[in-house]
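Asks: Residue numbers (our numbering), protein chains in the order written: chain A, 1 to 107; chain B, 1 to 107.
Hints listed in this document are in silico derivations from the structure and should not be mistaken for laboratory results.
One should not assume that every hint holds.
Same chains, same names: a pair is fine if it fits in one copy or spans any two.
In the EDC-like style, the derived pairs of lysine to aspartate or glutamate whose C-alpha atoms are separated by at most 16 Å in a straight line are [to be verified]: (1) Lys72 x Asp102; (2) Lys63 x Glu41; (3) Lys69 x Asp102; (4) Lys5 x Glu22; (5) Lys40 x Glu27; (6) Lys87 x Glu41; (7) Lys40 x Asp64; (8) Lys87 x Glu73; (9) Lys69 x Glu53; (10) Lys90 x Glu36; (11) Lys90 x Glu106; (12) Lys87 x Glu22; (13) Lys69 x Glu100; (14) Lys26 x Glu73; (15) Lys87 x Glu106; (16) Lys90 x Glu54; (17) Lys34 x Asp64; (18) Lys82 x Glu106.
Protein chains: 2
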Amino acid sequence: MSLAKTPQPPYYAVIFSSIRREGNQKEYLQMALKMEQLAKEQVGYLGVESAREEVGITVSYWKDLVSIKAWKEQVDHQVAQKMGREKWYKSYITRIALVERDYSFEN
Amino acid sequence: MSLAKTPQPPYYAVIFSSIRREGNQKEYLQMALKMEQLAKEQVGYLGVESAREEVGITVSYWKDLVSIKAWKEQVDHQVAQKMGREKWYKSYITRIALVERDYSFEN
């Protein structure tokens, strides 16, 4: 995984922060990978960054609110969200945020 | 670390995504901890979430752009940013984003 190569702002970020329940690790990782691949195919998708320690953070980047809404309602993603609430997550917060500016550094 | 207990939107998120260079791990972790503690003392600070695997993601939450600017310019933080560019990071992107809405789940 590398840093997402997003375009010039403005664009949107969906910050998904979560605490996992124990267990179901293999199933969870398979679904996470599947969803990452599926997200890439959606209209308006701009990139993703993800890391997990105690807290997991996945930030996906999107062109606009329309594309975020469509992804939220995508059928396979709906199934994954339901499984997330029933089996995988102790708690999560999803934050929808408008990226107003960004600055980068490369050594 | 737990999920940040942020207030009702709107508020701001600073999404700091980075790739580390190898080495200087102890020094880096000490400074990261010091900066996390220092951030908590700043006016307008609302919380932080952080995780690192291949990519490191730290999302800090702030009341407004004024508080983000003050934190960016805080003297000790300036020193840390300089050390980051000189020693710790291969690359990073900082994104300033207005959180428009959020929704949470707790099991």
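Asks: Hint by hint, note whether the structure agrees.
Replies: Here's how the hints hold up against the structure:
1. Lys72 x Asp102: between (25 Å within a copy, 13 Å between copies)
2. Lys63 x Glu41: Result: close within a single copy only, 13 Å intra versus 35 Å inter.
3. Lys69 x Asp102: Cα proximity of Lys69 and Asp102: across copies only (13 Å, versus 23 Å in one copy).
4. Lys5 x Glu22: Classified as neither: same-chain Cα gap 33 Å, cross-chain 22 Å, threshold 16 Å.
5. Lys40 x Glu27: neither (20 Å within a copy, 37 Å between copies)
6. Lys87 x Glu41: neither (26 Å within a copy, 37 Å between copies)
7. Lys40 x Asp64: within (15 Å within a copy, 32 Å between copies)
8. Lys87 x Glu73: neither (20 Å within a copy, 43 Å between copies)
9. Lys69 x Glu53: neither (28 Å within a copy, 28 Å between copies)
10. Lys90 x Glu36: Intra 21 Å, inter 24 Å, cutoff 16 Å: neither.
11. Lys90 x Glu106: between (36 Å within a copy, 6 Å between copies)
12. Lys87 x Glu22: Classified as within: same-chain Cα gap 9 Å, cross-chain 36 Å, threshold 16 Å.
13. Lys69 x Glu100: Answer is between: at 14 Å across copies they meet the 16 Å cutoff, but 20 Å inside does not.
14. Lys26 x Glu73: neither (25 Å within a copy, 44 Å between copies)
15. Lys87 x Glu106: between (39 Å within a copy, 12 Å between copies)
16. Lys90 x Glu54: Answer is within; shortest intra-copy Cα gap is 12 Å, inter-copy 24 Å.
17. Lys34 x Asp64: neither (23 Å within a copy, 36 Å between copies)
18. Lys82 x Glu106: between (39 Å within a copy, 13 Å between copies)
Violated hints, in rising order: 4, 5, 6, 8, 9, 10, 14 and 17; the structure is consistent with all others.
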